[in-house]
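Asker: Sequence:
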Amino acid sequence: MHLDKTKLRQLIEKANTLDIGLSNGFQTISKQTPPAKQLSTLLSGLSGWLTKHPNLTNGASYGRKLAELKSKLPDSNSRQGSWISDQALKELRTGLINLLRLIDKENKSIFIVHGRDLSMRDNVQSALRGLGLPTVILEREDDGGQTVIEKFIKEADRCEYAVILCSADDEGRLRVKGRSNKDAPTKPRARQNVVLELGYFLAKLGRKNVFVLHPEEAIEQPSDFTGVVYQTYDKAGKWKAKLVRELKAAGFKIPVNFSDRI
Numbered sequence: 001m002h003l004d005k006t007k008l009r010q011l012i013e014k015a016n017t018l019d020i021g022l023s024n025g026f027q028t029i030s031k032q033t034p035p036a037k038q039l040s041t042l043l044s045g046l047s048g049w050l051t052k053h054p055n056l057t058n059g060a061s062y063g064r065k066l067a068e069l070k071s072k073l074p075d076s077n078s079r080q081g082s083w084i085s086d087q088a089l090k091e092l093r094t095g096l097i098n099l100l101r102l103i104d105k106e107n108k109s110i111f112i113v114h115g116r117d118l119s120m121r122d123n124v125q126s127a128l129r130g131l132g133l134p135t136v137i138l139e140r141e142d143d144g145g146q147t148v149i150e151k152f153i154k155e156a157d158r159c160e161y162a163v164i165l166c167s168a169d170d171e172g173r174l175r176v177k178g179r180s181n182k183d184a185p186t187k188p189r190a191r192q193n194v195v196l197e198l199g200y201f202l203a204k205l206g207r208k209n210v211f212v213l214h215p216e217e218a219i220e221q222p223s224d225f226t227g228v229v230y231q232t233y234d235k236a237g238k239w240k241a242k243l244v245r246e247l248k249a250a251g252f253k254i255p256v257n258f259s260d261r262i
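Residue 78 in our numbering sits at position 78 of the sequence shown; the count goes up by one each step and never skips.
Just so you know, the hints here were simulated from the structure itself, not pulled from any lab data. Check the hints yourself; a few may be wrong.
Using 27 Å as the maximum straight-line C-alpha spacing, the simulated DSSO-like pairs for lysine-lysine come out as follows [what the hints assert, rightly or not]:
1) Lys70 - Lys52
2) Lys154 - Lys52
3) Lys204 - Lys151
4) Lys208 - Lys151
5) Lys187 - Lys154
6) Lys248 - Lys5
7) Lys177 - Lys242
8) Lys240 - Lys204
9) Lys14 - Lys65
Derived DEER-like restraints, expressed as beta-carbon distance ranges [what the hints assert, rightly or not]:
10) Lys105 - Lys242: 52 to 60 Å
11) Asp86 - Lys14: 15 to 23 Å
12) Ala88 - Lys7: 23 to 31 Å
13) Ala184 - Pro255: 46 to 54 Å
14) Lys204 - Gly63: 30 to 38 Å
Note that beta-carbon positions come from the ideal geometry of N, C-alpha and C, so glycine has one too.
Construct all of the structure, not just a fragment, from the sequences and the given hints.
Answerer: See the structure below:
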């Protein structure tokens, strides 16, 4: 399952648009909710989201930073009441936005594009789960009455990285007009849907966020994808170390002890 960050991004949007206007002392005459109260609501919303996602890699660190931000809110039971300066409110909002963006950046879902080699698919997903990373495999997500392309686009939008498994499922050869190709040898290649989705993610995410695995046997590779990381899916499992390095380079936070799990 992917990591649903819909609520998280709503919190980011609300925090960005929160207006720290007049001094809190004058806000009591306004019909608008005081900024301190709005910030308290946003902090509570983040707390609830973190509670629903207890397996985040740096979850404990996020919890400590959140508690620190909450401690800066005014205590309505204190002698000072609920008053807090505009400067303190601005600093608190900045701290919240930074924390929200950090969580968004460090926690990404990975889309696994695959062909007919289900063993390869399952091994790659198992390795990513061992790293504590959420994954998306299209046929394992709910359809929700969508067409295949609608479902694909929806799930792809939830992911920030893609691992493409170019297993040797099909065969093909160059067709030369005016010549007989009966004796031309065929070459193994990935399924057309895999190549299509590879191109989609290259355009959507950029080549630094796309990792391609291909079998040890030679397969025909797309000629226009220079610069994409191609890695052999070897039986010894050396591909795992390469994948971890590429994920870290893409911004994933992977603890050292997690790398040993795969």
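Asker: Are the hints correct? Go through all of them and say.
Answerer: We went through each hint and held it up to the structure:
Our distance criterion of 27 Å between C-alpha atoms is met by Lys70 and Lys52, whose separation comes to about 19 Å. Restraint check for Lys154 and Lys52: satisfied, since their Cα atoms lie roughly 22 Å apart, inside the 27 Å limit. Proposed proximity of Lys204 and Lys151 is supported: the alpha carbons are some 16 Å apart, at most 27 Å. Between Lys208 and Lys151, the direct Cα distance comes to roughly 24 Å. Compliance with the 27 Å bound is thereby established for this hinted pair.
Taking the CA atoms of Lys187 and Lys154, the gap is about 33 Å. The hint is violated against a cut of 27 Å. With a C-alpha separation of about 20 Å, the suggested pair Lys248 and Lys5 falls inside the 27 Å cut-off, and the hint holds. Distance check on the hinted pair: Lys177 and Lys242 sit about 42 Å apart at the alpha-carbon level, beyond 27 Å; violated. Distance hint between Lys240 and Lys204 is fulfilled; the C-alpha atoms sit about 24 Å from each other, no more than 27 Å.
At roughly 19 Å between alpha-carbon atoms, Lys14 and Lys65 fall within 27 Å of each other, so this suggested pair holds. For Lys105 and Lys242, the Cβ-Cβ distance of about 22 Å falls outside the hinted range of 52 to 60 Å, so the restraint is violated. About 19 Å separates the C-beta atoms of Asp86 and Lys14, a value consistent with the hinted range of 15 to 23 Å. For Ala88 paired with Lys7, a C-beta distance near 26 Å keeps the hint of 23 to 31 Å intact.
Range check, Ala184 to Pro255: Cβ separation about 51 Å, and the 46 to 54 Å hint holds. Distance hint check: the CB atoms of Lys204 and Gly63 are about 32 Å apart, consistent with the given range 30 to 38 Å.
Checked against the numbered hints given earlier, this structure breaks hints 5, 7 and 10; the rest are met.
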